[in-house]
Amino acid sequence: MIIQSIWLAIAFPLAGLLFNGLLGRRLGRGVVGIVGPGTVALAFVVGLFAGLDLLALPAQDRAIVVTLWNWISVGSFRAGMSLLADPLSVLMVLVVTGVGFLIHVYSIGYMEHEEDRLYARFFTFLNLFIVSMLILVLADNYLLMYVGWELVGVCSYLLIGFWFRRGDDPQDPVRLKDGELVPVPANLNPADSGKKAFIVNRVGDFGFALGVFLIWTTFGTLNFADVFGAAPEIASGTVTVITLLLFVGAVGKSAQLPLYVWLPDAMAGPTPVSALIHAATMVTAGVYMVARSHALYALAPTTSLVVALVGVITALYAATIALVQTDLKRVLAYSTISQLGYMFLAVGVGAYASGMFHLTTHAFFKALLFLAAGSVMHALGDVIDIRRMGGLRQKMPRTYWTFVIGALALAGFPLTSGFFSKDEILAKAFEFSPILWALGLLTALLTGFYTFRALFVAFWGSARDQELFDHAHESPGVMTWPLILLAGLALFGGILGLPQILGVDHALAGWLHPAFADLEGEGAEAIHHGLSAGLEWGLLGLSSVIALLGIGLAYWFYVANPGWPADLAVRFKSVFKLLVNKYYVDDLYDLLFVDPGKALARFCAQGIDNAAIDGIIDGGARLIVQGGAWLGRLQTGFIRHYALAMFLGVIVVVAYFFLR
Amino acid sequence: MNSMDFPLLSLLLALPVAGAILVALLPRERTELVKGVAFATCVAALVLSLPLYFNFQPGVTGFQFEEVTDWIPGLNISYHVGVDGISLFLVLLTTLLSAVAVLSSWTAITEQVKEYMALMLLMETAMLGVFVSLDLFLFYVFWEASLIPMALLIGRWGGTRRIYAAIKFFLFTMAGSALMLVATIVLYLWGGGTSDLPKLLSSQIPAWLQVWLFAAFALAFAVKVPLFPLHTWLPAAHVEAPTAGSIILAGVLLKMGAYGYLRFALPLFPDAVPLFAPWLSILALIGIVYGALVALAQEDVKSLVAYSSVAHMGFIVLGTFALTPQAVSGAVLQMVNHGLSTGGLFLLVGVLYERRHTRLLKDYGGIWVKAPIFGSFFIITALSSVGLPGMNGFVGEFTILLGTFRVNVVYAAIATFGIVLAAWYLLVAVRRLLFGPLNPANTDLSDMNAREIAVMLPLVVFFFVIGLFPNLFFQKINPAVETMTSQVTQTRAVAEMSNE
Amino acid sequence: MTAVPTSWFLLLSAILFVIGAGGVLLRRNVLIMLMSVEMMMNAVNLTFIALSRHLSSLTGQIFVFMVMAVAAVEVAVGLAILIELNRLRATTDVDDVSSLKG
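Protein chains in written order, with my numbering: chain A, 1 to 660; chain B, 1001 to 1500; chain C, 2001 to 2102.
Fair warning: there could be bad hints in the mix.
[To be verified] Covered stretches of chain A, going by a simulated chain B footprint (3 or more residues, C-beta under 8 Å): (1) 62-76; (2) 195-203; (3) 380-392; (4) 595-609.
What the hints contain is simulated information worked out from the structure, not anything from laboratory work.
Glycine residues also receive a C-beta, built at the ideal position from the N, C-alpha and C atoms.
Can you build the whole structure from these sequences, using the hints too?
Written out as structure tokens, the structure reads:
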């Protein structure tokens, strides 16, 4: 059975990474472009067969542990390099490698203007990311998960900063494109954004690491199966602390309040990176982690409530910021934060399968939206300000139509994939607390509005920048085909999880059921939530209306009455200003953490190290030197003084012996 | 099979000295020959040290490859050497880094090459001696002997403020080791006229005396580590030292301090440990946070890396005094890791300095474009230093923190926060060196040549070997550590019981 | 013939020693200072010999040989320094040579 060799899913991209990293530059971009996506495709195939193998097993045996080697053993501490293949991890493998493969293929076209060296480097990093993400999802213990957790952070860092030369000087034209110099967008500084992403993530990882330590001291093991098995016997306070600490890591990685600040800036990276890492896969790691640790979270209702609250507040918060962004990728970035909030809402209210469902559909439609946005940027020479676009739907029909599908799915348009997954979460939230549901519904309204605002401004109407418009062209097939495939998934992905009231099985919940079997009423049966069929139909209908309302409002504001938004912005100037400045959170963090940190660093370096410590030490040395100089005056240099001293000394000694 | 009959350690100690003598006898003008002989000696020592790893028996407690000969029979002082799991990898690290250091100074040193190489070789013997000595006086001799070549290396081949740095380095270390000598003599007199470590370990020293002796030893080691606030000699010495000097200084010399705690201070004076451990742990924690903050404010790459050493060594001391098997084993491994990572960083800074004769961050920027191999090496090494999983630093830091968490949650939390800061300052360095637009001053910068790559490559290989297969190391480290920690904690428990 | 009493020798020796010491302390010419030092040493020698005879012990006489050898060496070194000094500074006055003062 191939599932015993699930490590192959990691080994293929790893081989591709080594190959491209060491030889890619010499072998040329043709080979790189085959090896990079090809190895990811192989990993996908491995995942597919592993999934089939799992299906062949009886449901209670669908968790295969493959131990590669004993990694660390010190005293009573043991951690293995061992992988866990169960429905949950295999689902993630398929999402990561499937979407990853399409994005790899897309990158062949998107990165075509890069130098050979950078082209090879890009695919090396991309493969490294796939490897890291697969380690994260396939890990069978918290330590290995932490390894993947950190590694994806590094990949994110390297890839955000991929165009590291840009940005310090907005006037500095650095990117050669078709022989002409292209100015850098002034608001992006890839190197600093990458650094920020890594450091903010590390703040989250700080919590995650402490959580891992606490798990080990509590359970004596980091192994998932052992920890979950022993969890019910542990004091609930400890479990609450553990889960809260782990959730701090998830907040960092999945860009939730208050650690979301890195994700919008991460848009400085190349667009395929934004699609793969900052929308489809890496940022969902936190959701996966909570779902994986559901045995712990289910025992910690306090933490679950925190998770749900953070999720829903983040969802609403990010959606409000997305309303006023003018940078196409940033609109999508805030929508990603918002959608991740939905996922946390789901896992917070105990609907783990629903969270995973939304994770999957979100991977489809958000990757699609980013890639379509990338296609626009590619056509316009890296312009991403929607105010300079307009009327692009004639120029780029494929990009336009795929973007429309992605936008519909994101907005929750009925029968698209996003509609089903979002509705499922809202229904679960309603069951838990109507307040959470109401907040989620409000977010859904905003989502429809901001998504279609971006769409209408960018693609409809007439050209705002004629020069750019003339330059625009449809992207090559290597870029549009992944778009089309993803559009198909975004449109029809909903069949993975049709609501029970339609009289069909929830395929994804059924698939995940063995992984969540330890939770009563979870999994396939879970969709029979306690709501009556009528209420459920009502909720479904209400979501549809809300989504359509959001889209309609966007149409009303930006197509029917294009003057309104500006009027509104003037009328509600303070609100508008608050939103445009992202609630001043970045400035607040600078004020609270970054600047004091730097000031403290300077104070330590100059005030303490140079002035205080070295002052004392050098002062002591100077004191000794001066004392020496003072005593040195006794040395007159006149021999007779020395001789006199000797005689006096002799006299003293003799006198001592006589008078004793 | 333990080679009792084959004096491996003595040969290892003698080889660099022989090389130094040979180098001294060579004609001054033949610099290539001088370098060749010195490098060959280092490689020979490296090869000679390999059997130590392969023939080391993990299951055996106590010392291996032991050799005992009378040295000063009248005073009952013997030449007693041997290794255990704690010192084994430090010996190997020394032979590896010595070869790396010699190779790295191939073109950097142009004046008095002969003297330089001879001193490097003498340095190697002294350092090896520190790690294999099992007699207190022998240890002291090697400890002091290692001081002289390094002070000369800094004072003669260093930068502009080299004399200041060399004297500062010398005085700090001397101040500490003078107290250690006094304590050694007291211990010798009290312990029944022997300075042999295994014998002293079984002798009964009254608790009040242990406190004083521990204080004296701890101070000497704290200077060497260095612990806050005794660290200010380190940045000065690093900034002024030639590249090879920095590699040896950070890679091996600092380890002598941490090693001293593990080998002497803790097992000899277990009763004093509960009194001092919290204070030393707190100093280590201050070092972790403070070193990171000061590193953040540095403009000079070399002093940035130097302060990062203060922070990293803080982790090692913290782990040492946590006294759990995980933390101590992690500390031992982290000594090796820090030697490799920081050695690598200094090496890379040296590569830049040799080309541009400046170490200020503001003189660089965007050079990954001009020097892609250098850039890749720098990022890999920086990430290893930050403690990225899959590489060496992670395993060490993780086990240290895990072991510390067991005994003190607050310490572990503060230290874990130090990792966040580590990411901050090293990424700032990467950002300002490699990223951003290319600084026009660096347009002619050349990438690393074959020799420089050959120097870096073994280090990078070890980053991953240790990161992925740490058990190759832990299986040899663990038994010695477990013996040591259980001795210290048991004696402590007995003492506490008798107090009640 | 009665022998000269030992005390006379000791007295003479003391007088010689004081003259020598006074010379070292008061004179500034290096040559004369050297000669004064020689005189002090010979005063000591005289003491040795006198006491050697008084105690019928040869040790004192052997010591005198030792002192004479040292004195010869000292004169050789001293004169060498003196000549160098004269060559370098064109002086034999000790007060002109005080660069070693603190």
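Hints versus structure:
no., hint, result
1, 62-76, "holds (count 8)"
2, 195-203, "holds (count 5)"
3, 380-392, "violated (count 0)"
4, 595-609, "holds (count 10)"
Hint compliance for this structure: hint 3 alone is broken.
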